[in-house]
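Q: Spelled out from the first residue to the last, the chains are:
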Amino acid sequence: MSTTDGPTLIPDDASAQEIADREAKMRQRKGWFPGLSDKWNALPRQTQWLILIVVVVIAYLLPILNPPLITTEPGNNWQIALAQMSVYALVAVGLNVVVGYAGLLDLGYVAFFALGSYTAAMFTSPDSPYVHIPYLWTLPLAMAIAMFFGVVLGVPTLRLRGDYLAIVTLGFGEIVRILATIIPAMKGQVGFQNVGHPPGTDSSGQPIFLNSSGTPWYWLTLTIIIVVLLAAGNLERSRVGRAWIAIREDEDAAEIMGVPTFKYKVWAFAIGASVGGLSGALFAGQVGFVNNQKFDIATSILFVAAVVMGGTGNKVGAVLGGALVAYIPLRFTAIAEFKYLIFGAALVVIMIFRPGGLLPARQSLLAYGRLAYNKLKGAVGDIPPSGKVVLEPGKGADNE
Amino acid sequence: MTLLELKNISVHYGRIQAISDMSFSVDEGEIVSLIGANGAGKTTTMRTISGLLAPSAGSITFAGQDITRMKAHIRVVQGISQAPEGRGIFPGMTVEENLDMGSYGRKDRTKVADDLERVFDLFPRLKERIKQFGGTMSGGEQQMLAIGRALMSNPKLLLLDEPSMGLAPQFIRQIFKIVTEINNQGTTVLLVEQNANQALARAHRAFVLETGSITHRGTGKELLANPAVKEAYLGVG
Ligand SMILES: Nc1ncnc2c1ncn2[C@@H]1O[C@H](COP(=O)(O)OP(=O)(O)OP(=O)(O)O)[C@@H](O)[C@H]1O
Ligand SMILES: [Mg+2]
Chain G
1 MSTTDGPTLI
11 PDDASAQEIA
21 DREAKMRQRK
31 GWFPGLSDKW
41 NALPRQTQWL
51 ILIVVVVIAY
61 LLPILNPPLI
71 TTEPGNNWQI
81 ALAQMSVYAL
91 VAVGLNVVVG
101 YAGLLDLGYV
111 AFFALGSYTA
121 AMFTSPDSPY
131 VHIPYLWTLP
141 LAMAIAMFFG
151 VVLGVPTLRL
161 RGDYLAIVTL
171 GFGEIVRILA
181 TIIPAMKGQV
191 GFQNVGHPPG
201 TDSSGQPIFL
211 NSSGTPWYWL
221 TLTIIIVVLL
231 AAGNLERSRV
241 GRAWIAIRED
251 EDAAEIMGVP
261 TFKYKVWAFA
271 IGASVGGLSG
281 ALFAGQVGFV
291 NNQKFDIATS
301 ILFVAAVVMG
311 GTGNKVGAVL
321 GGALVAYIPL
331 RFTAIAEFKY
341 LIFGAALVVI
351 MIFRPGGLLP
361 ARQSLLAYGR
371 LAYNKLKGAV
381 GDIPPSGKVV
391 LEPGKGADNE
Chain W
1 MTLLELKNIS
11 VHYGRIQAIS
21 DMSFSVDEGE
31 IVSLIGANGA
41 GKTTTMRTIS
51 GLLAPSAGSI
61 TFAGQDITRM
71 KAHIRVVQGI
81 SQAPEGRGIF
91 PGMTVEENLD
101 MGSYGRKDRT
111 KVADDLERVF
121 DLFPRLKERI
131 KQFGGTMSGG
141 EQQMLAIGRA
151 LMSNPKLLLL
161 DEPSMGLAPQ
171 FIRQIFKIVT
181 EINNQGTTVL
191 LVEQNANQAL
201 ARAHRAFVLE
211 TGSITHRGTG
221 KELLANPAVK
231 EAYLGVG
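Chains as they are written, first to last, in this note's numbering: chain G, 1 to 400; chain W, 1 to 237.
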């Protein structure tokens, strides 16, 4: 707030350093886990993997462990709660590609989720007069259909920017629900019962994937999440991922760096849509019933809230955010009715104290940083260890 | 040899005409300056050349090829690189990531290392700060980064939109010196400036832009001596 502020470069190094430090201090963020991302990235590769494996094993054991205090019981069946949390987590991972990586505010993501649900329902439910195919086939089919509509909706709308895009996507978030209401074949509120499930029976001849048994659904979705996360990680480090980050940061600048911005925005939209479709199909299978009541705008906003809470642009944060959004109303049944109020308040609080979300995006950006560093290091040979360089906005002045 | 040629270019923002019937050319190896008051249409001209804006009339030729309808991201590959007004660096990326983005469209990855060397020679400060976030750099450093990043595509033509904006006087001189050095290394430069004195002194040729049209043209020296230009842009007269 000083009148001498302004983009002047002070010629000598000492004062320039002082400016850099001051600016870094101004940007300091208070975090709940200060330095977590730095610490994580400082760990050796093997240690990172070890920690990841432990986390994954614990995740798979969750339905059996049923940890006290954390569990949603007695209010809600814990295994089914986990299944729903995992579906929301997958939704958030998909939406994160659109909102987090490419910076496209898609408020209508529920449309793709709905498309996936209806795909699973209309090709497997006995209430549907159409061809029936095995449930598992509807997963790739749901992805393909959602992706197709992602491109169809993306091509005209992705030429719009910022607020306009948000408004248009908000509109088509409603489209599927309205179509489901007015098109007789989609059976409105009556909907489709007995949506299919993956094959397999246990020793007593009961199907493994019952609507009432959450564990197999949870394990299936968790496995899919891991696969999708690995794919997303690879995308992040690819040319496409770098292009998305650049688009999110400054679209015009990205374009004049040689990034085909429009093409990559459509890609982000389509990839996100396909994951949305996939999660919709899993949701339909687990719940076993699909009608037009489940895909409203509020749900769509909830999806965005999950991504923002978790840390826009961070895939692990998205898993966390998605799971939390599903978990909180199931765990605290007394407040479930006020969930939108609570998420609204929680978002405000998070944005004040942790504007990057629970796990800020820089963590995933660093994957790119390491890559750029290695590439440049190969090029220049010796990049100085850079004594007093500010590593992250907010990290520079930690030990004041 | 003519590198860039604009013929009867008009540019509109909706119904507002920002550029009307503008023609000029830039020869290979030149520094050409475009000076003019605020709102004269300098940035609009630059964005039209880099492809971020489409002209409503006229044609643009680059290296003998009509690029009027070519997308901006392809023009970069063809050899037009822009350091945008206000720098347009990626604030959440580090210096090295920004520079790496500058070489995004390139196929000849092996030569990227040489260009990085060149950028670090021109701007040693960038080498010292490779791990710093673009957004936390000072204004002058961001300008260096914007120019350095633009050079990472190894352009034939470098578009600089007000590189001296907001800089302290001694740094304005340094930036202009570097522009001349870049030019001496073989890159053609089209420079937009408010700082007419320096821009004209450094330029082989220059144009004065007033509300979307070119009103004066000549060598840098000629325009420096031109009484009308002196009065309007050089603060003397
Ligand atoms: N996005 C836009 N929409 C509408 N009008 C615009 C837009 N951008 C620029 N203009 C108008 O076009 C004219 C030329 O603008 P331009 O940015 O090219 O000026 P300039 O010469 O670069 O000025 P400055 O020296 O202040 O940067 C101005 O009248 C401006 O108001
Ligand atoms: Mg301008």
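Check the hints yourself; a few may be wrong.
[Claimed, not checked] In silico EDC-like cross-links for lysine to aspartate or glutamate, where the CA-CA straight-line distance does not exceed 20 Å:
(1) W:Lys131 <-> W:Asp115
(2) W:Lys71 <-> G:Asp163
(3) W:Lys111 <-> W:Asp121
(4) W:Lys156 <-> W:Asp21
(5) W:Lys177 <-> W:Glu210
(6) W:Lys71 <-> G:Asp252
[To be verified] Beta-carbon label-pair distances, calculated as ranges:
(7) G:Tyr130 <-> W:Gln17: 54 to 60 Å
(8) G:Asp252 <-> W:Pro169: 48 to 54 Å
(9) G:Leu160 <-> W:Ala201: 43 to 49 Å
(10) G:Tyr60 <-> W:Ala63: 56 to 62 Å
(11) G:Leu160 <-> W:Pro169: 38 to 44 Å
Everything labelled a hint here was simulated from the structure, so no lab data went into it.
For clarity, every value in this text was computed on a predicted model and none was experimentally measured.
Here a beta-carbon is modelled for each residue, glycine too, at the ideal position from N, C-alpha and C.
Q: Could you grab the alpha-carbon distance between W:Lys111 and W:Asp121 and see if it respects the 20 Å cut-off?
A: Since the Cα atoms of W:Lys111 and W:Asp121 sit roughly 16 Å apart, the hinted pair holds (cutoff 20 Å).
Q: Regarding the pair W:Lys177 and W:Glu210, is the alpha-carbon distance no greater than 20 Å?
A: It is violated: about 27 Å lies between the C-alpha atoms, which goes past 20 Å.
Q: Does W:Lys156 pair with W:Asp21 here, judged by a C-alpha cut-off of 20 Å?
A: 25 Å, violated
Q: Do the Cβ positions of G:Leu160 and W:Ala201 conform to the proposed distance bound of 43 to 49 Å?
A: 44 Å, holds
Q: For a C-alpha distance cap of 20 Å, please report whether W:Lys131 and W:Asp115 respect it.
A: 19 Å, holds
Q: Holds or violated: W:Lys71 and G:Asp252, Cα atoms, limit 20 Å.
A: 12 Å, holds
Q: Checking one constraint from the list: CA of W:Lys71 to CA of G:Asp163, max 20 Å. Satisfied?
A: Given pair W:Lys71, G:Asp163 is violated - Cα atoms ~24 Å apart, limit 20 Å.
Q: Could one say that the CB atoms of G:Tyr130 and W:Gln17 fall in the range 54 to 60 Å?
A: With a Cβ separation near 56 Å, G:Tyr130 and W:Gln17 satisfy 54 to 60 Å, so the hint holds.
Q: State, for the Cβ atoms of G:Tyr60 and W:Ala63, whether the hinted interval 56 to 62 Å holds or is violated.
A: With a Cβ separation near 59 Å, G:Tyr60 and W:Ala63 satisfy 56 to 62 Å, so the hint holds.
Q: Determine whether the Cβ-Cβ distance between G:Asp252 and W:Pro169 falls within the hinted range of 48 to 54 Å.
A: Once the Cβ atoms are compared, 29 Å apart, the range 48 to 54 Å for W:Pro169 and G:Asp252 is violated.
Q: Just to be sure I understand the hint, the distance between the Cβ atoms of G:Leu160 and W:Pro169 should be within 38 to 44 Å; is that true here?
A: 43 Å, holds
The earlier numbered hints that this structure contradicts are 2, 4, 5, 8.
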